[in-house]
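Protein chains: 2
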Amino acid sequence: MRYIDFDKTQAFTTLSALTREGVHFDYAAELTAERIRSAVAPMAGGLSYSFAAKPVTKNVLAALQALADEQELIAKYRALLDGDMMNTGERRKALHHLLRGQLGTDVIADGKNLGDFYKQELARFSRFADDVHAGAVTGSTGKRFTHAVQIGIGGSDLGPRALYLALEQWAAVEGSRKLTAKFISNVDPDDASAVLASTPLEETVFVLVSKSGTTQETLANELFVKEKLKAAGLDPSRHIVAVTSETSPLAHNPAYLDSFYIDDYIGGRYSSTSGVGGVILSLSFGAGVFKQILEGAHEADALALESDILKNASLLDALIGVWERNFLGFPYTAALPYSQALSRFPAHLQQLDMESNGKRVNRNGQPVGYATGPVVFGEPGTNGQHSFYQLLHQGTDIVPLQFIGFVESQRGDDVTVDGSSSQTKLKANLAAQITAFAKGKTDADPNKEFTGKRPSSLIFGKRLTPHALGALLAHFENKVMFQGFVWNINSFDQEGVQLGKALTKKVLAGGSGDAALEAYSRLLDI
Amino acid sequence: MRYIDFDKTQAFTTLSALTREGVHFDYAAELTAERIRSAVAPMAGGLSYSFAAKPVTKNVLAALQALADEQELIAKYRALLDGDMMNTGERRKALHHLLRGQLGTDVIADGKNLGDFYKQELARFSRFADDVHAGAVTGSTGKRFTHAVQIGIGGSDLGPRALYLALEQWAAVEGSRKLTAKFISNVDPDDASAVLASTPLEETVFVLVSKSGTTQETLANELFVKEKLKAAGLDPSRHIVAVTSETSPLAHNPAYLDSFYIDDYIGGRYSSTSGVGGVILSLSFGAGVFKQILEGAHEADALALESDILKNASLLDALIGVWERNFLGFPYTAALPYSQALSRFPAHLQQLDMESNGKRVNRNGQPVGYATGPVVFGEPGTNGQHSFYQLLHQGTDIVPLQFIGFVESQRGDDVTVDGSSSQTKLKANLAAQITAFAKGKTDADPNKEFTGKRPSSLIFGKRLTPHALGALLAHFENKVMFQGFVWNINSFDQEGVQLGKALTKKVLAGGSGDAALEAYSRLLDI
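From first to last, the protein sequence lines stand for chains A and B.
Each residue of the first sequence is one higher than the one before, counting from 1 in the working numbering.
Each residue of the second sequence is one higher than the one before, counting from 1 in the working numbering.
Isolated chain A (complex conformation) (with noise of 0.2 Å):
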């Protein structure tokens, strides 16, 4: 296989050539009846992905498809899916599709099949959660456990996060609702002091995540957590469980409940899918909930593997971004779901994205000359229309555009008003959004004209359900491994972390050294 740098590519010569046509698209007469009943693409768990609104001719199309057969995207796919070291700057597998199923050989490391190792941790955690269902397991006291609290950062809280709320009144009105989960993250201590003054600890489980077991922000969590289960007279031995590597302090530790394993080649913005998001799903929506969303997954990742790329939605995704990225310069995306279930799903897309393919160096360690990750950020629609949708109309910049809708409302509950049920409302406007930002309007009164033009895709599906979320989860996944591919970028390491880190020990060593390090701490009055 051939890594070589974007602009090397004879499909890079040829996108440039084609930049006119992507500029110059019309929108307004493009977007016809059939093109949108046509431009969609098939996903997993019942999904589909629209690119009707698009700047994509078909000389476009035929041109990335070129550039993902030229850069070998799917033979790099499945070089990963067979434990192949992607990960170069640290020379780590990146496995976690592994975690929803096996697509490639067995993947045979430190001594065991990983494959067998994935899916007997999902097995030991679903009975831990089972366990903790049926009464069996319980608190200090004796008390059921009510309430699941996750103690992460990052990795180890948005996802998990973003899938809780994704789920949370599916659960509900689908009687799946076990337990009640909460998230404490932040080192800053008002948020654990909050969490945990209106928490019944008593019938609390925490879990307690952190791969490498150092992770700042969580260890001191985890000491607020302790000393608070001991004020309220209970054991935190009997209170906290933990999700970890084996060779991390936390591993193998008696000081909790049980543990539960992950490895070096599950990233962190990757491991909502491993015990990281597992643990806490299974204990809020029962064990049998997160396999659906591990099955949704796995069917993506399956259906990633097409070379087609009309009929692979992660992999034209991916394509039509950098299309845009590289030739048509726009630097950032607006993820906006039409799901208030979906709330924080775009603060879990910016750091999949922005952590992973937010990288000036190639593979090897040298400078690449070309834009690489955009900046991505959103809220739920129709929220954001009513808020910074004006920018994205008539501001004097593009912001392509990922919208996501459904059908139908988790809850089933609604109302009529004007003739109108909420759920008919909230896909009108959806409807309206994309095509008032593709065609825009014209007006005698320039302030009203909307020159329209800006690039929209629509990922729609029946209901949100487990199953649809763990396909949503894998296709946003599987898109930026393409465009890492693309981009002859490592899109599973996270250096840019690492001087931060550095510089804030210095700091609490108390000596730092650096002018501007002490002058800051003086401002913040360290």
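Check before you lean on any hint, since a few could be wrong.
Remember, identical chains collapse to one label, so a pair may be satisfied in a single copy or spanning two.
Derived PhoX-like pairs (lysine-lysine); straight-line CA-CA distance at most 20 Å [said to hold, decoys possible]:
no.: 1; residue 1: K226; residue 2: K453
no.: 2; residue 1: K453; residue 2: K501
no.: 3; residue 1: K119; residue 2: K230
no.: 4; residue 1: K505; residue 2: K311
no.: 5; residue 1: K506; residue 2: K441
no.: 6; residue 1: K8; residue 2: K453
no.: 7; residue 1: K182; residue 2: K226
no.: 8; residue 1: K441; residue 2: K505
no.: 9; residue 1: K448; residue 2: K501
no.: 10; residue 1: K230; residue 2: K143
no.: 11; residue 1: K448; residue 2: K505
no.: 12; residue 1: K143; residue 2: K182
no.: 13; residue 1: K112; residue 2: K311
Hints are computed from structural coordinates only; laboratory data are not their basis.
For this one, chain A is given, so just place chain B on it according to the hints.
Relative to chain A, chain B alone:
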């Protein structure tokens, strides 16, 4: 007064000529202890604005001062305070400053003194909150109110919600927690349904907020609430107060327990210091706490009259933002509060900034030839450090950063791990990040290299109190206003929301006559 486009000013030419001073600003050499000590502008509420790590030389600062003078930014602010027509598109005044106190002449309109009108409404809803707290006003069964639920969207949601979350923990430890607040905003029926299912309706007062009284989402959610109240055997007219304009269908309506009024001169995103934020905050924390927010905001408004940019933090912040946007070419800004209490403050700033200045035409409706408002996004630190900071440190593009931090936590509840409290760790991380972003680090391994040169500012203070929060809120309002003056745009309208509204109505009316709109409606099974 002269309203001219930014690129027609002498200052624009001067700043253009200085671009290289910004691009080549030598952070490593310039970021001395002396600069960090002295590059601080005073703010209201005991806050300070540090701009040491911004790429501004003495020459640049002088040119920015000249820009402020040439574009008559203070005179334009004074005119706005005096009630001159700033909202040119719809010919409306912008009077949110007058909610906090009077800094200009009396503003007479619609046959009344508007300062008096705002004071009278403040007094009315303060008394209402007092009555609720005293048990003199109760729900229809005579039970005391323990919960308040805001029904509103956009400016009727984001600002009030951000302020509520900002003070919830402060109030808990200061003995100022009166009612627990919740918020319903989205037209997605799952939003209202979930909030109502988890709220004790008998003890809940709803605050229905819509200036026009015609907001689609808010009216749908009002009916949602009324139906649930009736189903619970409660009388809606005893559980709902309205905040609206006197000309709206909600005004003087016996369907509500009481009504409080704003007028057309208070824009949604500027309405947190009116009854839009005031009713829910007074109910939650007491009228006295809300008045402290107003005092902090009024102090900030007074300080913003200072013509020396080094003594006027909101003006300086605005001008540095213009420098970064128009000359250094950065199309985004990240808002990064190191305070869990400010978890939703970035979402409010996102609306405030992007809805105000996301404009492509000037005050006279002519397209401008320069970039206006940037994309604004953000999450609290340290959480963001474990997420999107990778791109901020090592991405291919530069994102200017706006940090916020406090010396003390709100709750004062803390633990010591490895010799430092969590609050100290929080601050050490903040100092470390600013330094790391500015100065970077060389490394033999390019993947571990940080190029630095990432500009940031820091707003800091002792503790996030209501007074400080008011000052912080007004700082950003005034910053955005000054930028609008520089760009010669109208920061107080939002025509960009209209097209989506119109197309939504067409869809809901059943026949849109637009093939694209109908095709998307079919995808979503409308």
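These are the hints, each one checked on the structure:
no.: 1; hint: K226 x K453; in the structure: neither (55 Å within a copy, 41 Å between copies)
no.: 2; hint: K453 x K501; in the structure: between (42 Å within a copy, 18 Å between copies)
no.: 3; hint: K119 x K230; in the structure: neither (35 Å within a copy, 50 Å between copies)
no.: 4; hint: K505 x K311; in the structure: neither (49 Å within a copy, 34 Å between copies)
no.: 5; hint: K506 x K441; in the structure: between (56 Å within a copy, 15 Å between copies)
no.: 6; hint: K8 x K453; in the structure: neither (30 Å within a copy, 28 Å between copies)
no.: 7; hint: K182 x K226; in the structure: within (16 Å within a copy, 30 Å between copies)
no.: 8; hint: K441 x K505; in the structure: between (55 Å within a copy, 16 Å between copies)
no.: 9; hint: K448 x K501; in the structure: between (49 Å within a copy, 13 Å between copies)
no.: 10; hint: K230 x K143; in the structure: within (16 Å within a copy, 37 Å between copies)
no.: 11; hint: K448 x K505; in the structure: between (53 Å within a copy, 18 Å between copies)
no.: 12; hint: K143 x K182; in the structure: within (19 Å within a copy, 30 Å between copies)
no.: 13; hint: K112 x K311; in the structure: neither (35 Å within a copy, 65 Å between copies)
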